[in-house]
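With the hints as extra help, turn the sequences into a complete structure.
Here is how the chains run, residue by residue.
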Amino acid sequence: MSDDHHNAAPTGPAARVKALEALLTDKGLVKSEALDRIVDTFEHKVGPRNGARVVAKAWTDPEYRKRLLKNATAAVGELGIAGPEGGHLVAIENTPRVHNLVVCTLCSCYPWPVLGLPPVWYKSFAYRSRAVSDPRGVLRDFGLKLPDGVEIRVWDSSAEMRYLVLPERPRGTERMNENELALLVTRDSMVGVAKVSAPDGRARDAAKSERKASTKKRASTKG
Amino acid sequence: MSDDHHNAAPTGPAARVKALEALLTDKGLVKSEALDRIVDTFEHKVGPRNGARVVAKAWTDPEYRKRLLKNATAAVGELGIAGPEGGHLVAIENTPRVHNLVVCTLCSCYPWPVLGLPPVWYKSFAYRSRAVSDPRGVLRDFGLKLPDGVEIRVWDSSAEMRYLVLPERPRGTERMNENELALLVTRDSMVGVAKVSAPDGRARDAAKSERKASTKKRASTKG
Amino acid sequence: MNGVHDMGGMDGFGPVVHEDDEPVFHAEWEGRVYALVGSALRAIDVNVDEFRHAIERIAPAQYLASSYYERWLSALETLLVERGATGMRARDAVASRAETPRRARFTPGDRVRARNLNPAGHTRMPRYVRGKSGVIRRDWGVFVFPDSNAHHAGTRPQHVYCVEFAARELWGKPANIRERLFIDLCDEYLEPADKLRKTAKPKARNRTR
Amino acid sequence: MNGVHDMGGMDGFGPVVHEDDEPVFHAEWEGRVYALVGSALRAIDVNVDEFRHAIERIAPAQYLASSYYERWLSALETLLVERGATGMRARDAVASRAETPRRARFTPGDRVRARNLNPAGHTRMPRYVRGKSGVIRRDWGVFVFPDSNAHHAGTRPQHVYCVEFAARELWGKPANIRERLFIDLCDEYLEPADKLRKTAKPKARNRTR
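Protein chains in written order, with our numbering: chain D, 1 to 223; chain B, 1001 to 1223; chain H, 2001 to 2209; chain U, 3001 to 3209.
It is worth saying that the hints were derived from the structure and are not from the lab.
Here the structure is a predicted model, which is why all the values come from computation and not from measurement.
Nothing false has been slipped in among the hints.
Derived SDA-like pairs: lysine to any residue, alpha-carbon spacing no greater than 25 Å straight-line:
{"#": "1", "chain 1": "D", "residue 1": "LYS18", "chain 2": "U", "residue 2": "VAL3081"}
{"#": "2", "chain 1": "D", "residue 1": "LYS123", "chain 2": "D", "residue 2": "CYS107"}
{"#": "3", "chain 1": "D", "residue 1": "LYS18", "chain 2": "U", "residue 2": "SER3067"}
{"#": "4", "chain 1": "B", "residue 1": "LYS1027", "chain 2": "H", "residue 2": "ARG2042"}
{"#": "5", "chain 1": "B", "residue 1": "LYS1070", "chain 2": "H", "residue 2": "ARG2103"}
{"#": "6", "chain 1": "D", "residue 1": "LYS27", "chain 2": "U", "residue 2": "THR3078"}
{"#": "7", "chain 1": "B", "residue 1": "LYS1145", "chain 2": "H", "residue 2": "PRO2015"}
{"#": "8", "chain 1": "B", "residue 1": "LYS1145", "chain 2": "H", "residue 2": "ALA2175"}
{"#": "9", "chain 1": "D", "residue 1": "LYS123", "chain 2": "U", "residue 2": "ARG3130"}
{"#": "10", "chain 1": "B", "residue 1": "LYS1027", "chain 2": "H", "residue 2": "ILE2044"}
{"#": "11", "chain 1": "U", "residue 1": "LYS3173", "chain 2": "H", "residue 2": "GLY2121"}
{"#": "12", "chain 1": "D", "residue 1": "LYS123", "chain 2": "U", "residue 2": "GLY3014"}
{"#": "13", "chain 1": "B", "residue 1": "LYS1045", "chain 2": "H", "residue 2": "ASP2020"}
{"#": "14", "chain 1": "B", "residue 1": "LYS1195", "chain 2": "H", "residue 2": "ASP2020"}
{"#": "15", "chain 1": "B", "residue 1": "LYS1027", "chain 2": "B", "residue 2": "ARG1037"}
{"#": "16", "chain 1": "H", "residue 1": "LYS2173", "chain 2": "B", "residue 2": "GLY1149"}
{"#": "17", "chain 1": "B", "residue 1": "LYS1195", "chain 2": "H", "residue 2": "ASN2176"}
{"#": "18", "chain 1": "B", "residue 1": "LYS1018", "chain 2": "H", "residue 2": "VAL2037"}
{"#": "19", "chain 1": "D", "residue 1": "LYS18", "chain 2": "U", "residue 2": "ILE3044"}
{"#": "20", "chain 1": "B", "residue 1": "LYS1070", "chain 2": "H", "residue 2": "ARG2111"}
{"#": "21", "chain 1": "B", "residue 1": "LYS1070", "chain 2": "B", "residue 2": "TRP1112"}
{"#": "22", "chain 1": "B", "residue 1": "LYS1045", "chain 2": "H", "residue 2": "ASP2021"}
{"#": "23", "chain 1": "D", "residue 1": "LYS18", "chain 2": "U", "residue 2": "VAL3048"}
{"#": "24", "chain 1": "U", "residue 1": "LYS3173", "chain 2": "D", "residue 2": "ARG97"}
{"#": "25", "chain 1": "B", "residue 1": "LYS1018", "chain 2": "H", "residue 2": "ARG2083"}
{"#": "26", "chain 1": "H", "residue 1": "LYS2173", "chain 2": "U", "residue 2": "ALA3153"}
{"#": "27", "chain 1": "D", "residue 1": "LYS18", "chain 2": "U", "residue 2": "ALA3065"}
{"#": "28", "chain 1": "D", "residue 1": "LYS27", "chain 2": "D", "residue 2": "THR11"}
{"#": "29", "chain 1": "D", "residue 1": "LYS123", "chain 2": "U", "residue 2": "ASN3047"}
{"#": "30", "chain 1": "B", "residue 1": "LYS1057", "chain 2": "B", "residue 2": "VAL1046"}
{"#": "31", "chain 1": "D", "residue 1": "LYS195", "chain 2": "U", "residue 2": "ASP3021"}
{"#": "32", "chain 1": "B", "residue 1": "LYS1027", "chain 2": "H", "residue 2": "VAL2037"}
{"#": "33", "chain 1": "D", "residue 1": "LYS195", "chain 2": "D", "residue 2": "GLU93"}
{"#": "34", "chain 1": "B", "residue 1": "LYS1070", "chain 2": "H", "residue 2": "ASP2110"}
{"#": "35", "chain 1": "B", "residue 1": "LYS1123", "chain 2": "H", "residue 2": "VAL2017"}
{"#": "36", "chain 1": "B", "residue 1": "LYS1066", "chain 2": "H", "residue 2": "TRP2140"}
{"#": "37", "chain 1": "H", "residue 1": "LYS2173", "chain 2": "B", "residue 2": "ALA1126"}
This is the structure:
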């Protein structure tokens, strides 16, 4: 999206938003500082790192995995993750035979607390229109070609349930711990348009060398 | 539609058309004089007056009406009317109990030889979308409110058949001849979004004085 | 294709606006486009189904933002560019080969169901009738099959029928019982309605996950 | 409403384009709109269904020409103007009245058909499942009914189920048998599939005209 030229025009969205905010703060309906906090939260605190922690924990803790699949809202709550659009979370598990894909055809519902705000492709008309009728074609757009024998399950989140895909743990990660694993888990894999890859050479080395440090830092970025 | 500003811009349709015509005449694929003739034909020669002649004749000549309802292509051909989009004409007759309405939801197919090129409203998304699902609402947009007891038949011309509505002959026109009647018949009535009205003033007086006669005559125009 | 052009039954386009004393063309270029399309398409062997499909292929946002003749113009440009890639020669005239028409499978009075077809290419069966049941009212005779003809994949000549649908079948119970829809559908678009409807069943399982 | 927003199964939007290292917001105003919507709607008592419907009410051509946050902005403006007409006071809180939930009509394993509903207002049942048969997989419990809640016409609390559809049921025979769709549908959207399907029949007549 190139919104730059919009910003210049007085009727562009930037100007309209500024006018709206002025009106609403003037009327006492909103507070600019509260808006600042919301923007900051979604730019810096809530994001796919939350979901990655959940996935990594489910990969390494079989009991947690069970709780996650049974009641995802409660299970992510154990990690301090909660918030708007997170009241009815459902985790769906990929297996070698079943691949899950999440879409919202009618708007762009998304599990904010675990994945943050949705990327442009998730909100795109191309994705919203074709994910339900041509999921294999959509996955090919992402460079993911699944074997014919794999069943694809598409989840159209039309009501209040919000879906988190629990991707398959990649081979070659048996020695990695929870924090290292979390670094591998991408947003796309938790929506179901990608698989999680084992780290290649360099990254694997990096993961090893930073094993201790990373643990502490990421824990402090919790929402 | 305000296309005026387009004409000024070099990338507007007017400029693009000019460039196309130059290219195609240059390649010998089209001839400008042939294009002139086509434009002239549809601006001045082919139009709803053709259909009006057909309707007026059907109102005044019961045998012609029968032929029209049986094979409209042949019947309009008797009046020298033919041309593109006229190869499979079908006439559908309105009665006091049945009102017909024609639309083309997928593009804007229209019986050119009898009605000319379609008006903007026929090509509008509003008409194409709602004529099939809410015909009574669409007719209200045209100011036509039909009694609840009247059945509405919508014809979506999705194949090569092109539909011409044969409207009801209005009361009070019993003394009018074919040429006078043709002047009453509007384009909209032959698409089915309007009824044909008797001429006001003069004709209404005539209608009153002919009350008795009309009963009998109308009986003869029944389907 | 299930394009935005297939707008039967859509909401949101507002009331129909009628223009009094409307001219045939609202600008000179509209007339030129109209005339050019008819002449040029013949010259480069583009059939009507292919032209319609070129209009359907206009990107949805552009389609909705364009006027009727702007869409004609865009489609013509597209076809010329595509043909230009092959030196503006006519394509192999597959369409002109004489093909044997399919025999009529239905006769007036037959109950039929419009099949649930979702072709990626051109089709003249709008979405709003698919899966719905109606009655054959007329057999119009044999016509070219738009779905193949648009792609120069043969004319596949077949019968086209006028099929009647109750508005309630199309739009559900609140629809007026005194409203019917008539639409002309190709033989291939239809299946007998009286045979048991075979729905694709998900296997009976206890849980999804 | 059968709006352009209901795009499941539509063709023509091209491939999905992926942006690497995408920022959360692509311009500062996007973040402000996001934050404003959440805060302002609460202040003027607009529920999420009403907000979604305000987005759906954007004119189709504008909807397709706008980005996600541009649509949020337009919807917010619309709602503020509409509320402004009533002095920006919250509407009567019909939605907050305690209503008795409808009892669950279905249980996991039941075969159901999505009803052919075409409401003029807000709905969360997309067109592509209507009339199609599937199987109840989960009962998620009781939720507000979006179709009424969006119009402040009561919450009509009812069960929402996860319903499984075979891709072939939705898209016809060419669909891959190894594809299934799961969608959460309200009790009122569904009817038992095993009862004989009553199609609205046109009266048997010999001719249409």
